[in-house]
Each structure stands twice: as C-alpha cells, then as structure tokens.
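Going down the list, the protein sequences come from chains X and B. 1 is the number of the first residue of the first sequence in the working numbering; add one for each residue after it. 1001 is the number of the first residue of the second sequence in the working numbering; add one for each residue after it.
No wet-lab data here; the hints were simulated from the structure. There may be inaccurate statements among the hints.
[Stated by the list, open to error] 30 Å max Cα-Cα, derived DSS-like pairs, lysine-lysine:
no.: 1; chain 1: X; residue 1: Lys739; chain 2: B; residue 2: Lys1812
no.: 2; chain 1: B; residue 1: Lys1815; chain 2: X; residue 2: Lys477
no.: 3; chain 1: X; residue 1: Lys671; chain 2: B; residue 2: Lys1815
no.: 4; chain 1: B; residue 1: Lys1677; chain 2: X; residue 2: Lys812
no.: 5; chain 1: B; residue 1: Lys1671; chain 2: X; residue 2: Lys477
no.: 6; chain 1: X; residue 1: Lys477; chain 2: B; residue 2: Lys1613
no.: 7; chain 1: B; residue 1: Lys1739; chain 2: B; residue 2: Lys1613
no.: 8; chain 1: B; residue 1: Lys1477; chain 2: X; residue 2: Lys661
no.: 9; chain 1: B; residue 1: Lys1754; chain 2: X; residue 2: Lys234
no.: 10; chain 1: X; residue 1: Lys815; chain 2: B; residue 2: Lys1613
no.: 11; chain 1: B; residue 1: Lys1390; chain 2: X; residue 2: Lys846
no.: 12; chain 1: B; residue 1: Lys1841; chain 2: X; residue 2: Lys846
no.: 13; chain 1: B; residue 1: Lys1739; chain 2: X; residue 2: Lys815
no.: 14; chain 1: B; residue 1: Lys1739; chain 2: X; residue 2: Lys846
no.: 15; chain 1: B; residue 1: Lys1846; chain 2: X; residue 2: Lys851
no.: 16; chain 1: X; residue 1: Lys855; chain 2: X; residue 2: Lys900
no.: 17; chain 1: B; residue 1: Lys1477; chain 2: X; residue 2: Lys613
no.: 18; chain 1: B; residue 1: Lys1628; chain 2: B; residue 2: Lys1756
no.: 19; chain 1: X; residue 1: Lys739; chain 2: B; residue 2: Lys1234
no.: 20; chain 1: X; residue 1: Lys128; chain 2: X; residue 2: Lys163
no.: 21; chain 1: X; residue 1: Lys585; chain 2: X; residue 2: Lys234
no.: 22; chain 1: B; residue 1: Lys1677; chain 2: X; residue 2: Lys509
no.: 23; chain 1: X; residue 1: Lys585; chain 2: X; residue 2: Lys606
no.: 24; chain 1: B; residue 1: Lys1815; chain 2: X; residue 2: Lys739
no.: 25; chain 1: B; residue 1: Lys1477; chain 2: X; residue 2: Lys677
no.: 26; chain 1: X; residue 1: Lys606; chain 2: B; residue 2: Lys1477
no.: 27; chain 1: B; residue 1: Lys1739; chain 2: X; residue 2: Lys399
Each chain is listed here by its residues.
Number of protein chains: 2
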Amino acid sequence: MVENKYVYSFGGDFNEGNKDMKNVLGGKGVGLADMASIGIPVPPGFTIITEVCNLFLKQGEKYPAELKPQVDAAMKKVEKFLGREFGNAENPLLVSVRSGARQSMPGMMETILNVGLTSKTIPGMIQKTNNPRFVYDAYRRLMMMYSDVVMEKAAKVEVAEGKGIRIQLEHIMEGMKKEKGYKLDTDLKVEDLQKLCQLFQAKIQEVLGKAFPDTAEDQLWGAIGAVFQSWQGKRAIEYRRIENIPDAWGTAVNVQSMVFGNMGDTSATGVAFTRHPGNGDKVFYGEWLINAQGEDVVAGIRTPYAINADCKSEANKHLPTMQDCMPDTYKQLCAIREKLENHNKDMQDIEFTIQEGKLWMLQTRTGKRNGLAALKIAVDMVKENMIDKKTAVSRVQPKQLDEALHPVVDPVQERSLKPLATGLPAGPGGAKGKIVLTAEKAQEMHAKGQHVILVRNETSPEDVHGMHVSEAILTAKGGMTSHAALIARGWGKCCVVGCGALDIDVHAKTVKVGNVVLKEGDVLTLNGTKGNVYQGEVNLVAVDPEKNEDLKAFLGWCDEISAIGVRTNADRPKDAQQARTFGAKGIGLCRTEHMFFGERITAMRKMIMADTKEEREAAVYGLLQYQKEDFIGLFEAMEGLPVTIRLLDPPLHEFIPAEDKFGEFCQQVGKTLAEVKARAEQLHELNPMLGHRGCRLGIAYPEITRMQARAILEAVAELLQKGVKVLAEIMIPIVGHVKELVHQKQLVLEEAEKVKAAYKMQDLPFMIGTMIEVPRAAITADIIAQEAEFFSFGTNDLTQMGCGFSRDDAGKFLKEYISLGIYAQDPFESLDQDGVGLLIKMGIDKGRSVKPNLKIGICGEHGGDPASIEFCHRVGMNYVSCSPFRVPIARLAAAQAQIKYPREKK
Amino acid sequence: MVENKYVYSFGGDFNEGNKDMKNVLGGKGVGLADMASIGIPVPPGFTIITEVCNLFLKQGEKYPAELKPQVDAAMKKVEKFLGREFGNAENPLLVSVRSGARQSMPGMMETILNVGLTSKTIPGMIQKTNNPRFVYDAYRRLMMMYSDVVMEKAAKVEVAEGKGIRIQLEHIMEGMKKEKGYKLDTDLKVEDLQKLCQLFQAKIQEVLGKAFPDTAEDQLWGAIGAVFQSWQGKRAIEYRRIENIPDAWGTAVNVQSMVFGNMGDTSATGVAFTRHPGNGDKVFYGEWLINAQGEDVVAGIRTPYAINADCKSEANKHLPTMQDCMPDTYKQLCAIREKLENHNKDMQDIEFTIQEGKLWMLQTRTGKRNGLAALKIAVDMVKENMIDKKTAVSRVQPKQLDEALHPVVDPVQERSLKPLATGLPAGPGGAKGKIVLTAEKAQEMHAKGQHVILVRNETSPEDVHGMHVSEAILTAKGGMTSHAALIARGWGKCCVVGCGALDIDVHAKTVKVGNVVLKEGDVLTLNGTKGNVYQGEVNLVAVDPEKNEDLKAFLGWCDEISAIGVRTNADRPKDAQQARTFGAKGIGLCRTEHMFFGERITAMRKMIMADTKEEREAAVYGLLQYQKEDFIGLFEAMEGLPVTIRLLDPPLHEFIPAEDKFGEFCQQVGKTLAEVKARAEQLHELNPMLGHRGCRLGIAYPEITRMQARAILEAVAELLQKGVKVLAEIMIPIVGHVKELVHQKQLVLEEAEKVKAAYKMQDLPFMIGTMIEVPRAAITADIIAQEAEFFSFGTNDLTQMGCGFSRDDAGKFLKEYISLGIYAQDPFESLDQDGVGLLIKMGIDKGRSVKPNLKIGICGEHGGDPASIEFCHRVGMNYVSCSPFRVPIARLAAAQAQIKYPREKK
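For reference, chain X alone in the conformation it holds in the complex (with noise of 0.2 Å):
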C-alpha cells in the first residue's frame, strides 16, 4: 500500500471500496464499489477521492505528484479485466467520467461519456461495433459535450451572450439539417455525422483558440480536471452556502468504463424496480429494449418490453419479455434483485446494460414510490423481518399515506390522458361524477342513489349540505383557501377550484370549456391532487382505511412510538365516529356554531333580531334542547375520550342570508324589512375577522354563553348519571385579555352550580379552558393561564393576526411571496415556525410557567400538517386536532416527530 492513496478502483476482481467510506469516494462511488463489494457486476472503473479535489484547488490546479501513477495502475486494471485498451487503436477502451460529492449537488458537471474516442480509436470501435452511425455520433456528442463543458466553462473562458462553443455547434448542426431537408437529428446519414466532426473541429479551433484533443490522455485528464473546477463553480457555490455543505468536503472523480446496450441483438438495457412502485405488490417491475442505449428505454421513442409477464401493460403486452428472450441473464438479474434489497433494506430503482450477452449494473437507488406502495412495502418488510417497525414508521412520508388514503385517479391509465382543464388542487384525491350545477339538484340526484360533482362559480354557507353529499367539489373561482376548498379538505373531500376555463351557466344548465360543451348529468373525473379536470370516467384505486390491515397494522406502530396525541376535529356525531375509527384519541375542537344552520337557524335569527333581553333569551333557550342532544352524541360517540367544546365563535352576521332573501328571513323572525336591514346594516364589519366575535359575543350576550353551557352541563350530567362516561372541556374562544375568560368564566360555574342543583348532583366534572389565537393572549399567557384548565392554540388565526394578512386576502400576494422566498410555504397551510411559532412557544413556556401540566394543544388546520405536528412535539403540546381524515396522516407525523426528536412519553 502507498503512503498517500487517492485512487480505489472498483468492481472487477479488484474492488477496493465499501459502503462506509462515503466521506472518501463521494455518493456515487461508494454506490459502485458498495456494489461490486457484494459481488454484483458493474463496469469496473476507479474513483479518485475527494481529498483530491481539496489538494488539486489548494495547490493552484496541481495534482499530488503520485495521482497520475495510481491512475494509471488503476486504469491497467480495468484494460486487464475487460480486454480493452484505454487510447488502443484496434481495441479501444472508453470510460465515462462523472463527479461525486458526498450529497448530489446541482451546478457540479455531471457526467461526460465516450472518453476515449479519437481519430485513432474510432476505426477501432467501428469494428468493433459494426455501426459507424452510432461512433461518429458518440464522438459529435462527446465533442458538444467536451467543448462546453471541460474547454470552455471548466477554462472560465469569457464567452459573450449566445456565443458559447455549445450554441455554435448547434447551430451548424442545425445548418446542415436544414440544407439536407432533415427534421431530426436521427435522420443525419453516416456521412453528415463523418463531415459534422470536421466542422465541429474547424469550430472548436476558431472559437477556443485550440484544437479538440485527440488523445484518450489528454481527454481524460482535460474531464478529470473540469470535474474539480466545477465545484468551485458559482452555483455549486450557492448551493453550498444554502444547504451548509462546508467547502472543504470536496468532490471524487468517477472513471468508469462504458457498456454498451446497442451492440446488436444480444445487447439490451432496461431500468427495474425490485416491487412495484405503484401498489407496493412484490412483484419484479421493469422495462427494456433489445440493442438499445439506456437513454432510449426513458426517452419515450421506443415503447419499452416488460421484463416478465408479471408487469406487462396494455402498451406492451404483445412485445416480448426479457423473461423469455434472455432467461439465464433474466434470472441473473432475478438474484441481483434480491440480493440488492436484502443488502439495502429497501426497494431499489435500478439500471442495467447488456453488452454482448454479459449484464452490468450501472446503478442502484432507493426506488421512488407512491403512497400505497410505500404503505404496503413498508409494512410488508416488517412481515419478512427485513426492517423493525420503527423503520417501516420513517420511510413512509405523510403525504404519500395521504396520497394512499384518497381515491386516486389510476396513475397508468391518466398517463395518457389529456386534462379538459386545469385548477387548483385543493382537496387531494380523484372523483367522478354527474356535473350538477345547484346545491339542490346534488341532493336531489344524491337521493337517487347518484354519483354527482356540484360545479360552481363558487360556493357559500348555502351550498353545504349540497356540497355534503357530491363526490367532488369544483368552481371556475377561489383559491387555495376559498369556501370550498376548506369545506373540502375538512370533509376529505376531492376539490378543483379556481378552473379559470369553466364557462358555467346555470339556466341553460351547460358547463363550457372552449368549444366542448358538457350539460348536467355529463360524467366528470377530478384529480385534486393535481388539479386536473379529465371528460369522461377514469378509473379510480385507493386504501380503505377501515378494512385495510396493514394501515391498521402501520398506525398501530404510530401509537406506539408517538409522545403526542391525535385528536379531531368534529361538530357531529357521525363525523366523530369516523375519525374515532381513523384512530382519535378525542375530539379537539368542536365547532358549536355549525350546529345553528339547517332548521336551527331560525332560532339563532331570532336571537339576533330580538330587541329585548327577553326577547333574546326567549330565542336563544330555543336552542337549548338541540345543543344538548347534539352534546350527548358527540360524548357517547367518544366514551370518555375528552371532547372539547368551545362556545360561539364567528360573528352574527354570518348567520343574516343575502339581501336577496331578506324576504323570507323577515317572515321567519316576524320582523319588517326595515328593521332587517336596519340590523343587518348595524352587523356590518369592515373588518370582520378582527369583528365582533368568539368572547366579545359571550361578553355582550351572556345568555348565548349561558344557554351553551347549560346544554354541555346537562349533557354531561345526564349521562353521568345512565353512567356513560364523559370527558368535556368548555373553550372560550378569541380571548386576548384575561378579563374576558374571567367573565366567562364566571358565566359557565353559575350555570355549572343551577345544573348541580337541578340533578342533584354532588360533583359535576369538566374543564374550562381558552384558544390561544389572539397574539396578546400568546404574550399575557403566565396571566391567562392562572384562569385557564388547558390551552387550545388557534393557530389559523393566529396566524393572521400574527402575520397580519387575513386568508380571504392574501391570495393575491402571497403566491408571489412563495415564488420570491419570503416566505418558504403558505404559512396557513404549514405553521410559520420562524415567526407565529414562536408566538406560539412563548405562549407554552409563559402558560407553564404558572402551571407546570397546563394541557396544550392545537385546534387550527395546522393540526394536520406533518411539519407543523412536528414542531407542536418539539415545543411540548400534549395533543394536536384535526379534521377526522387527516388523523391517520397526523398519527404518522406524530410517530416520525418522536422518532427525529424524541421526548419524554406522557
């Protein structure tokens, strides 16, 4: 062994690396030589290591004195092993050279083919091939590629806008296409290509100031060379300095010798996954072409063969299978196959070349997979004891189970569809459906045992109980947070909104998207996950997270591992049983104003147009009936799991319809149309979100906060009494001051004590506690909390008052704000941790700080993004909450928070 080593070679019967030398070789040459250390073929090569790139930088461009020695030997090896001369005439060697940090890094040069190929050694390979097309077009592509990349940006020659070596090139190829009548480039003749390379070289030389090389040597160091500069290269730079890579790590130089696939019919290439990276099953899934290069199985020209008959397509099923073809080599690839997984603990994504009947592996990668595969593989290796569950929890992401739980629109089958037209993705997912174009007539055909889309120019309060009962929501307006879109994704719901295209008329009852005209009862697909709008039916796949058992299986693991808990988000008893079998520990925020819609709102009306305390009591009491019985649901349906219920919220003029049916609405409270609108005019905020709402209602009507309570208590007791247990905890929403808890505080015992004494109790058990959702409530949390049972973080509004933009309207600018970096995401859909969250841990540490086990939690959407559940571990809540399809996702997040950050189990 020498004093300094800076080259190991790798595969052949002389590999030298292994896989945790990864710091040494670079990303892709541990890969290799990982490979070759387990025995799996691949072309045999060297890497020279990244202290190289260090020393050659350092000393001015200059390699160590022994690089060119260890080079060399490593070279003879290859040339021994393989048969083939590096720079021989009649039996050339060529080698691609590719850069290699430690982590892929954009702005380094990637990879230089056919090194090698000179006015020497292209008879040599002429023969060798049989093909003079397929050398001299190497060689004009090694030329392009040479010229750019190591003469001309390695050099740090200056070049002018659109004069670089590269565009000139073109253009003389482009030149000559033209003169000949060609369209493509695969039209160019033997000859062309012969006459390009002279051109290419007369260019080279006039342009550059030198000629192309014409030596292997001078080629392969000329690579090696441009592979080191480009790390000092400005984007490598850039991205460095963003991703905290220090400098000093280096980058390797790949040399490795090319196969090649197109070597007549006992060459092939092809790509594979080791299970199918579309439903997990364990099946060998892969593609290849007969005497092809790896680039024409990808680029979409040729149609590629399946492997085997297990994974044919309906593109493919009458081409032949390497399977049958090659058998022996089919089953050699069988055993890499599985010997790569077994080493990996994982799926792998590989490649592979035939050359004249020998199989090489050019690479394996961690296989890229959709949500039912991931589930399904993960869950599976824990089966074959391949992975422990811990593992199987982290390879999953949250939105691929996401993904896994949504109706999908078949991705095989949408490959090679064309959308009709194109929206936001606001609810993930796919549907289909009849187009209706009413809330109404959705009912109506939902009735009759249809499958319908309600499609809308935009949709309102009004529209609920249509929207309820379609597959599928989609309008021609809104964004990301309109009413549809939340209404959507709180009900899990697929959604396309802000469909520019969509022409909709409703009384003519037609849905126009250019020139196609669709009339209602038309069949329509959505795919919420991206957006689209496809004509016609397509199919769907998708896990049912009820009868699926590795789910089950997977989120029980989640349980296990997780240190914070998973509530939901429900106002009714249906929707608490679903999330309860999704996996709910409890309910965290139960919104009471939703149960005022429906038959109900007409109460509440006359709760608001009364014009007396009587008058108002009168109405609000008859409520009183319906909110216990909406009570005694939701706590039956959780048995004893804690429901949270915070008290009215939103401002009354929510609950005033349109001007347009202020007609009926005067019939219903017995009021004349002035003094409905004289109310509705007085109800009127310029800025509701900052309005009279939450507490500010129960402070100004105390019978509203008196009657909810009363309901809850007599929920409770009741079923205290048939000895059910209940677990319920009173939330006074949109406090900022503690007074106001104070005060409702008061409300809610006295109420508590009338309920006592009613049914004769000795001892009533619940919990008052208050959102955190006012900044000021956040800074005042030590005060609050002195009052407080438990904390709720409000997180959505929170974040507006926080940041200062209300969803409504930050649509128009806040798209921008992503696109320019402001800020890294919309900061309602994941929490802003840098700013809003740290509102949110000063309002933790203040709250503890008086009362050590305050209970915290989060009830805003945030409860259900995976990096926001994140940070809600690391800062300590005890629970988060969210709408009951997201639960299984939040589970998962919260498994994986434990995992990455652990803490103390409570």
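Knowing the structure of chain X, use the given hints to seat chain B on it.
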C-alpha cells in the same frame, strides 16, 4: 407626656401636631394641625390617632383605657379656649366628628355635625343664637344623620329594602309638609320642627328599639365608634383592595368645635381661591354670604357675593363685597391667603367662616384649576421664586395643557347655558361658526372669509378639503375613531361626532333638533371637550401657542428635563412648519399617500388601472416630480432635523371612488366601465386591515417603491448640492418578515446608486428602517434589526393585530369592555401597556440585542398620549411622534416621564 399618646389637640393655643404627622393624624387632621401650626385660626379641636382604630378593631371594639381621659382633657382645652362647655345647658359647645384616613377614601363615614345638641343644651343654644328655628333645624338634621349612620349602619342593624331609619324619618317630614301644604323644607316653621323632632324620637325608638342619645357624651362616643367601624365597611374594604391600601393604616377621628356663619350680620361664610382658578391671574378670587352657612354658598339657592371688586361677575356685581362690608376681617383673610400660599407653595382652595366677627379657617387644600390657570400659576410661581422648574413642570397635567391650547367655550358663560344637543367629544376645544352642510359650501363660504362648521351625517375622504377650512366638524353618526374624529384630532380641530339628535336634510338645507329647525348659515358653538352643541354664539378663550411667552418658557423647561425626543407626524410643509413652532424636533411620520390625493390622484388611478408594467410605470413616474417637490418642501421646513418618510401604505382600493362616480373615473383613466368595475371588484377586500397594503404593495409593484425612493433621494441630492442640511429616513411599512424588508431595501439602494450617478455624488447620506406594526415583526425584531437602521412602532396597527380587533369594528363592544373593566381604557387612545406594550418591549429588547444603538420611535396615535409617552420613555425609545397640535402636550409628558422615572439622557 403620657406613655401612649392617642389624642393630639389642634388650634387654640395648644396645637400639638405638624405637617409631618400624616400617618398618625390622617389627611384631615394633619391639614388642621398644619394650619394651626403656622398661626392660622382654625376652630379648635383634637384628633384621635389612626392607631386607635387598629386597637379598637383588634380588641373587639373596645378602646384602650388611656383614651377616655385623653379625650376629656383635650375637650377641656377647647372649652377653656372658647369659653363654652360640651353638654353645658347655658353655654353649650357643639362639635363635628369626622373620619380622616391617610388618604380620602369612599365608603368611610364622613361628617356628623352639631354633636352635643340635646334636650338639655337646646335652650342654651336658642338663647345664644336667638334663632330657635336654626336650632331645631340643626337638631332634626343631627337626628336624621346620627340615627342612620351611627345607630343603624355602624351598629349593623339588619334593614329590609326601603325600611331604613333615614327613609322613614324622611317620610314623616314629607307627610308633615304635605299636610301643611308646604313645598320647601324652609317653609317649615319653628313649631313644625319642634313637633318633627318629637316624632323623630318616637320613630327611632320604635324602629331601632332604643332612644336617641340625649347626652352630649353619649353622642360623641357613638360618633367616634361609628367612624372606626366604618373602616370595616364593605365599600371601604373594596376600595382598599383595589387601591392597594393596607388595612393596617386605619383612620383617625377629628373632633372639632362647630362655628356658625349664620349668627347674625357679624357672621358670614365663604370659599375662595388664592389665585384665579379660571385664568391663573394673581387675584384673590372668592364668594361669600353674610349670615349664612357654608352649604348656602355652594348650593345655588342664594346668589353669593364677590369677596372683592376683582372677582365680581355679571350676577353679583351689584352685591356687597367682603372688602367693603368687613374691611378688617378681609385684610386678615388676605394675610392668611398669602401665608397659606407661601406655606404650601401652591394655589389654595380655602373655606372660612366668620362667627360674630371672628374669622375661622375651616379648610385649605390645593385648588383645582383649568388648563389656562394651571400653566400661568406654574410659570408665575417660578418667576416669584416660590417653586423650581421641575415642580412647575410636574404641576401642569398634560390634559390641562391640552385644554389651554384649544380655544375653549368660556366656562363662566357656559355654566348658564343649556346644550341644544350632545354627542361624543371627538376633538377637544371650542369653536363657533355658520352651519354648512357640504364640503363644497364650506370651501365657498371660507373663501368669502366666513367661519363655518361642517355638519354631516358622517364624513369621507372626499370631504377632507371642506373639513380643512371649517372651524369645527359636527356629525350625526360615527364614534371616537370615525373618519371625522381621526382627521379632526390630527389637525387639532374641534369636533363632535355621533350627535344622534341631529336630523340633517341636505336638500332642504336644514338641521332639525327636536322642534328646533336650523338653516345653513345659522350660527352654532361647539364644546368639543364635552361634546356639547349650543345654538348661537358663545365666547371662546385660549392660549396662542405661537405668542404666549409663558407657554414658550414652560415648554423650554420641559425640553431641558426630558430624555425622550418629540417629533411630529406631518405630510405637508405647512404642517411641518407649524409643528416646528410647537417645538417638534423632526418628522416621525410623513404619510406619502396623502400626497396622492387632489389633482395627483389621476396618476395614481391610472397606475391602478394599468394593464401592463409599462403602462403602470408611465403612470407612477408621472408622480415623481410632484413627490420630489413635496419632499424638498418638507426637508427645507425641517432644516436638517430628521424626516421619516413612510412609503405607500394603504390598499389600492382606497384610491377608487364610490361606484356612483365610476363614470368620471372612466374618463380620467381612459378605461371602460366594465374594466373599472372588474378592477374594483378584484381589489375589493374582505378584511382590508389584513390585506394588500404596505410593503406588500411595494413588492407587488416595485415601480412604486422605486419611484418614491427616487423622489426622496433626488430631493436629498438637490438640497445637499445647494448646501441645505437634510436627514432623510426612508421607512418601509407593514413589514412582518425580514425578507420583505430586504426586498424593498434592495430597490431603494439600487435607486440610490442611480441618483448618485445622475447627480455625480460620492456620497448620498440617508437611513433605511422599518415600521414595527405587525406582531410578527415585534417577535422577530432581532432578525429584522440586522437589516434596519431604525424602528418606528406603528401602534395603531400593532394594537389592532395584537388585540385582534379593528378600530372600525371594535366600537361595537369596546365601550362595554371598558365599562366592565376588561380594558381600563380604549387601547386605541392609550397604549395597552400590559399586552401590546409587552410586544413593544420585546421588539425593543430584541432589536437592541443585535444593534445596541438602534434608533427607536413610535408614530401611532399613541405618540401624543401622555400615559403612552411615559411608557415609551420607560422602555427606552429615542423619540415619540404625534400630530403637530399634540407636540406641546408630548413635550410636557416627556418631561414628566423623566421626573417620575429618571433615565440616562442621550
């Protein structure tokens, strides 16, 4: 001297206390002792010290043994000095018994007069006074008060609602008056009163089950005990809890000989101020009545006489003065006046009684005064070497200075007027003028030299020019933060809003108030400090801040003392100049959008309607020259003092007119009605306060920021080249995320380079900073400070977003919040120090943690509020900024803050 001294005598020739004994003698006792100690004749008496209260309550309502002998001894001294005897039949001494804690405290027993009147002493009193009616009337008063306060309340007798002894005695008296056909108490004759006293005795026996005490001794000890017991009264305890007064302080009891001013024509009584309380002139100002009791002077039944010629009024100019009628006693009183002022170093409010030619002083205390008087007295006393400057500055309350600076309705004249209507006091001061009902009419009449008052249902930005030329604004609708109120306060203009009684008919040009019909052109006078509207003309009085030398001197002393600077909010050179005459040391906020109204609005509107970037730029740069001229004017007015210019802030829809003016608007911008409507709809926001405004506009439309930066910096360059000093501070509004600031700063710096090149300047000095008005900015101030050269807290928005309610909408509940004590005061008027204040403190601490010398100010409405200024001083701000008319008040508040909380001056 006895071992435990519980009783201190005052007056006579045996005065024992002095002014340092407040904790022992209580407030009232020490005042009497203090007067006596400097030789002022007070009716002699004695004080039972506060410690006795504690002993009494601790020992089960028993007195220490030493007390009775000490009281007897003290009483003896009084008897001897006056030549009368307590309880003596021929020559009885009567006394008053009063409580006297360290500080005056509601809920305590106040006074029982005439103690010592019994069946035994009544004949003697009648003989002495020769006025049996007076004696019986005094007796029935004693019985009513004593039976209630001593016998019932202090004895804690249980009383049913409406069954109290006092009410029952009043029924008897009313019954007698009815029976006899009398109207007034004074109609009762001697015989009636005699009978009444008998009836009272019987009723007291019947109701309370014991006889009214008929010995002087019993009455005295009953009254003393009642004082001590009242320390434990419910209201007194509550008050102590709220004010943090220790229970252990206890109350003293003062027993003082009665003197009577109604013992014939050599007796008299009066009240006086040692200087004029309405204007501060050094005249002796008082009223008196011959043969009268103290309450007769203040009750308003008899017209009191002036004590001298200097203070005669319309009402009493024909009536005799004390100077004329009792020249010797008057001289004596004048000497006392001088003695008391010299002793107390402040203007005194005194009460005196002359009994049979002998002058007695009953009370002296610091005299209440209006703003004009407070200022003049403080300045005069410094000139007279009576007090130092710091004391003078402490003596004038900011609201008094405010009062002095606004013309006010002559308080003397106002006393006799009845308001026509009443509204909310939105802009302090007084004003008179002719009614105009439109802004146009206001301008038209103003142009003719008329003084007008603009009377509207409510005002809008289109009325601003008309508002500007009006003396005052009166609206039928709107609250303290309505458009009219905000604009008027900004201009220091008198304003009354929400005057619901007004019924304005613009077509008929009338204003009806009940039955009164006013026409356009009729004169009104407004008291904007009280919210009163008077028909016709009333006199106004005021200090002229530009000419009043006292004011200039006074504010000069303030500036010498204060540690925090005072700047002004000004958008026009004229306002800036005015603010400088008021002493502003720079501009803390120039709102550039105010410069876009008037003729320039066309360019602004074209920019809003532009379809392309080019069109928009053309429109925006149409404003460059205007803006530059504005800034040159401002910089010249400020002569090198700092000028903070805020870039465009309000949402663009504020520049679009109401829909009925779209026709004109279309012509102005050269667009179709459909285009205008579409744009208006697009710009509409649900929550404009949380919408597309501030730097969010500058990021969406960088050309606005560039143009404004260009205009500012070209103005700077041109003035510097002319040798004019300039200090420009460019301020970016609504920053919530540091990257917003970075984005805008970059644009400004690029423009600066262009200006330097254009003007061939090496150096172009200016600063860039940001508003801190979004909670997120305060929370992340350490990050933002790295990019900012100064912070200016925008507390209007910070309050809105921090508390989560908008100024426009909070009116609906904030009033009730304040009445419920949830907020102590309107947080938009005076900073919410416990909540929003914490955000500010955090912002300052975090900002200075990275830049210790970061310049920090405030530019919200709070910058002119004294309590908020004190807060700004305490948290270490460098300056406050307020509207020009608030500058003097702010200078005073700044000085008082430094006196109260001294900090290092920078």
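Verification of the supplied hints:
Between the alpha carbons of X:Lys739 and B:Lys1812 the distance comes to roughly 18 Å, so the proposed pair stays at or under 30 Å and holds. A distance of roughly 40 Å separates the Cα atoms of B:Lys1815 and X:Lys477; the hinted pair therefore is violated under the 30 Å criterion. Using a Cα cut-off of 30 Å, the hinted pair X:Lys671 and B:Lys1815 holds, with the two alpha carbons roughly 28 Å apart. In summary, the hint linking B:Lys1677 to X:Lys812 is supported, as the alpha carbons are separated by about 18 Å, within the 30 Å threshold.
A threshold of 30 Å between alpha carbons decides the hint, and for B:Lys1671 with X:Lys477 the separation of about 24 Å falls inside it, so the pair holds. Restraint check: the Cα-Cα separation between X:Lys477 and B:Lys1613 comes to about 25 Å, which is no more than 30 Å; the hinted pair holds. Between B:Lys1739 and B:Lys1613 the CA atoms are separated by roughly 23 Å; this keeps the pair inside 30 Å, and the hint holds. Proposed proximity of B:Lys1477 and X:Lys661 is supported: the alpha carbons are some 28 Å apart, at most 30 Å.
Distance hint between B:Lys1754 and X:Lys234 is fulfilled; the C-alpha atoms sit about 27 Å from each other, no more than 30 Å. For the given pair, X:Lys815 sits about 19 Å from B:Lys1613 by alpha-carbon distance, which is consistent with the 30 Å threshold. With a CA separation close to 41 Å, the supplied pair B:Lys1390 and X:Lys846 exceeds the 30 Å bound. Our distance criterion of 30 Å between C-alpha atoms is met by B:Lys1841 and X:Lys846, whose separation comes to about 16 Å.
For the hint linking B:Lys1739 to X:Lys815, the alpha-carbon distance of about 15 Å falls within 30 Å, and the restraint holds. The suggested pairing of B:Lys1739 with X:Lys846 holds, with an alpha-carbon distance near 28 Å, which does not exceed 30 Å. A hinted pair counts as satisfied when its Cα atoms are at most 30 Å apart, and B:Lys1846 with X:Lys851 qualifies at roughly 26 Å. As the CA atoms of X:Lys855 and X:Lys900 are separated by approximately 23 Å, the hinted pair is consistent with the 30 Å bound.
The straight-line distance between the Cα atoms of B:Lys1477 and X:Lys613 is roughly 25 Å, inside the 30 Å bound, and the hint therefore holds. Distance check on the hinted pair: B:Lys1628 and B:Lys1756 sit about 16 Å apart at the alpha-carbon level, within 30 Å; holds. For the hint linking X:Lys739 to B:Lys1234, the alpha-carbon distance of about 23 Å falls within 30 Å, and the restraint holds. For a cut-off of 30 Å, the pair hint linking X:Lys128 to X:Lys163 is broken: about 37 Å separates their Cα positions.
With a C-alpha separation of about 52 Å, the suggested pair X:Lys585 and X:Lys234 falls outside the 30 Å cut-off, and the hint is violated. Using a Cα cut-off of 30 Å, the hinted pair B:Lys1677 and X:Lys509 holds, with the two alpha carbons roughly 27 Å apart. Between the alpha carbons of X:Lys585 and X:Lys606 the distance comes to roughly 37 Å, so the proposed pair goes past 30 Å and is violated. Using a Cα cut-off of 30 Å, the hinted pair B:Lys1815 and X:Lys739 holds, with the two alpha carbons roughly 15 Å apart.
At most 30 Å may separate the alpha-carbon atoms for a hinted pair to count; B:Lys1477 and X:Lys677 meet this at roughly 17 Å. Pair hint X:Lys606 plus B:Lys1477 holds up; C-alpha atoms about 27 Å apart against a cutoff of 30 Å. Only pairs whose Cα atoms come within 30 Å are accepted, and B:Lys1739 paired with X:Lys399 is accepted, the gap being roughly 29 Å.
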